[in-house]
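Using the hints provided, position chain H relative to the given structure of chain P.
Number of protein chains: 2
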Amino acid sequence: MIALPPGSTIGIVGGGQLGRMLAMAAARLGFKSHIYAPEADSPAFEVAAAHTVAAYEDEAQLAAFAKAVDVATYEFENIPVRTVEFLAQQIAVRPGAKALACAQDRLNEKTLARELGAMTAKFQAVDTLAQLEDVLARDFGVPSVLKTRRFGYDGKGQAKIFNATDTKQAWAAMRDAPSILESFVNFRAEVSIIAVRGADGAFAAYDVTENEHRDHILHRSVAPARIAPDVADNAITTARAIAERLDYVGVFAIEYFVVSENDRDTLFVNEMAPRVHNSGHWTIDGAMTSQFEQHIRAVAGWPLGSTELKAAGVEMINLIGNDILTWPDIAAEPGAFFHHYGKKTVRPGRKMGHVNRLLTKRPE
Amino acid sequence: MIALPPGSTIGIVGGGQLGRMLAMAAARLGFKSHIYAPEADSPAFEVAAAHTVAAYEDEAQLAAFAKAVDVATYEFENIPVRTVEFLAQQIAVRPGAKALACAQDRLNEKTLARELGAMTAKFQAVDTLAQLEDVLARDFGVPSVLKTRRFGYDGKGQAKIFNATDTKQAWAAMRDAPSILESFVNFRAEVSIIAVRGADGAFAAYDVTENEHRDHILHRSVAPARIAPDVADNAITTARAIAERLDYVGVFAIEYFVVSENDRDTLFVNEMAPRVHNSGHWTIDGAMTSQFEQHIRAVAGWPLGSTELKAAGVEMINLIGNDILTWPDIAAEPGAFFHHYGKKTVRPGRKMGHVNRLLTKRPE
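Here the protein sequences come in this chain order: P and H. Numbering-wise, my numbering comes out as the position in the first sequence, counting from 1, plus 5. Numbering-wise, my numbering comes out as the position in the second sequence, counting from 1, plus 5.
No wet-lab data here; the hints were simulated from the structure. These numbers were taken from a predicted model, which means no experiment stands behind them. Treat each hint with caution, since some may be false.
It does not matter which identical chain is meant; a pair holds if it fits inside one copy or across any two.
Unchecked claim - Result set (DSS-like, lysine-lysine): computed pairs, CA atoms no more than 25 Å apart in a straight line:
(1) Lys72 <-> Lys349
(2) Lys161 <-> Lys127
(3) Lys366 <-> Lys315
Looking at chain P on its own, in the form it has when it is part of the complex (with noise of 0.2 Å):
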C-alpha cells in the first residue's frame, strides 16, 4: 500500500477518550481526523476537525463518513461488524471486520489462541441453563467464572460460581446471552503486550506491561512487567501470531494472567482487544512512539516507531470517577503527567484522566 500523506483524513468510529488521544496522535502528523459517534457530547469531537452524531447502524450517515475520510478505523470493539462491513465496501478500515469479529467473541479469542499453540483458561460454550448444569455436573470444575461471549468489559457479563448452588444466579446474570465456562486461573499477576502490525505486515510491541485491577478496572499499569525475559518472548510471540492470523493492521492488545508453578511463569492468554488499550496510555509519555500515533502510523501505512522506552520504567495509574477531583493535586506534583479526557460528568467507575511517571529504575 502507499502510505496516505499528511493533509489526508483518518475516520475515527467511536469518540471516547481513545478517540480523543488518537485524534491528537493523528493531527501531530499532520491528518485531519473525522469522529464518528453516537453521543453529542464524545471527548474527542473537541480536537477533531470533524465529527458525525450518528447511530453505528445509519448507513446513510456511515456512506457519507466513507466518503469523507481516506481510511477508517475504531476506537472501541463494541460497535457492530457490520458497521465495519459497510465501511469496507467503500473505504480501507483498518483492522479489519475479521479482527473485530474474533475480538468479539471470548469464544473465538480463546479458541484461536489455543489454536496458535497458546494456554488459555479451560472454557466450554454454553448457552442455556441446562447445559451450564450439565457442563458443571460433569468434570468441568470449580470455581470457575461464566461470562458473556459478547460486549463484557471491565468485569461487567461475569458471575463467579463456587459450588453448584450459584448455578442458577450465575446463568441469570448473563441474561440468556450466548456465554462461556471458564476455569477459574489462579494468577500470580495480569499482564498485557501491547503490540502493533503494519499494514506491510512490520511488527513491532513495547515492553510487556504489569497491570493492578480495582474493582475489575485497570487501576494500575507498570512497564517494564516482572516477568522473566523468556516469559515476556512468549508474549510477544502469541502477539505476533495472533495479528498474523487475523491480517491484523493497528495496535491491539493481548491481556494474560501469570500462573506460577514451581516458580516457572507460563502465561495465559486472557482476552484481545483490537485496539488501543488502557494499559498502553503510559506510552504517550513513556515511549518513543506513543501507541496512539503508532496505530495511526499503521493505519496510514506508514512505517511503525519506535517502541523503546524513555525512561527506566514507566507507570500509568488511572483516574477513575470520584479520583479525578484530585487533580489540583497531580496538577502539583513535579513529574506527573496529567491526562484529562474531557468528560463533563464524574460518574462511579467512569474513566476520567490518568496519570503517568517515569520511573528512575526498572521496577523489582
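Here is chain H on its own, set in the frame of chain P:
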C-alpha cells in the same frame, strides 16, 4: 488567583502552528480551546473545540469570543495591542498588553534589557533618512543593522549597512517605518531561553538552547547549549528580571547572541518573544513538560510543570518549505519525532513542521 478547572475554555488569539500545539496541550489537561484568527484555513482550528474567523480589529466578534472563553492568550506577537486591551476589559488575558507592547517594539525591548543590566548591541532609534545619515556620520560605526522597530520576523524588515553608500537602500527597505539602528554584533553562537512565569509569580526555565539559522530562519535548535554554567545562569537571571518587570504570565523566549572575548562568553539580548517559541519545540518530546503545556498551565493559573530533560540532550530541526516533502524519510527514521502542522500549501520559507531527536550525550 484560583486555578481554572479542566472543562474550562482557553481562548487563543492566532491560529498558526503555535496555536495548534497550544490547543493540543490544553486538550490533554481537559481544557477546551477556542481559536480566534482571521484566516479561514488556520491550522489550529483542526484541533480546537471552537473557532472564530474574524479580524483582530472586529470588536463585536472579540466581545463574543471573550464571552465564550474563561481566559485568553495569544500565540502571535503581531496582533494589535488594542485587541488584547479590548479583551482584557472582559476577561483575563495572559500575558497582558504591557508585555505585548514591549515585545512588539525593538526599541522598548532593548531599552528594558539595558535598564535591567543586560548587555545588548548598541542601538539608536531612527525615524527618517536624514536622522539615519546623521547617526552614521557621527560615531555609530559600521557594520550595523537597520531594523523596523515593529513587525519584523525571520529576518524581514532588516538591512545591513556596511558603508555610507548602503544607507539610502537600507532606509528604503524600512518603508519609512520607525526604525532602530543596531551595531553589528560579532557573535560566536545564538542561544535562547524558554522560560515561564506563573500567575502566582513562580518562575521556571528550560535548559538554554543553541540555535542555528539559515536564511534568517531558525534551522536547528539543540539543548543544552554549549555554554558555561554561569553564562546559562545569566540567561535565566535576565529572563526572570524581564518577566517580573512586565508582570508576565506564560511562556516566553529571550534570544541572545553569545559574544566571545578572551575566551569569556557574554550574552547580548537580541529580542524577546512574548509567547511559546520555535526554539522550544524540542520540549514536546524532550522535556518533562512541553512549553505548550507549560504555557497553558500558567494561563490557567496552575502550578508550573517540571522543565527537566528526558534525555542527555535534544535536537530540533525545522522543516521549512519543501523540507516537508522528506516526510517519508522522517517517518521511517527510528527515534525521530515528527510534527506536521497540517498546512495545506507549501511555500518557500514557510514553517511546515519539525522533527525532534533525543541525544544520548550532552552536546559538546
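Hints, one by one, checked against the model:
1. When the C-alpha separation of lysine 72 and lysine 349 is checked against a cutoff of 25 Å, the pair qualifies only between copies, where the shortest distance is 20 Å, while the shortest distance within a copy is 31 Å.
2. Within a single copy, lysine 161 and lysine 127 get their C-alpha atoms as close as 20 Å, which meets the 25 Å cut-off; across copies the closest is 72 Å, which misses it.
3. Proximity of lysine 366 and lysine 315 under a CA criterion of 25 Å is satisfied in both settings, with 12 Å inside one chain copy and 14 Å between copies.
When each numbered hint is compared with the structure, no violation occurs for any of them.
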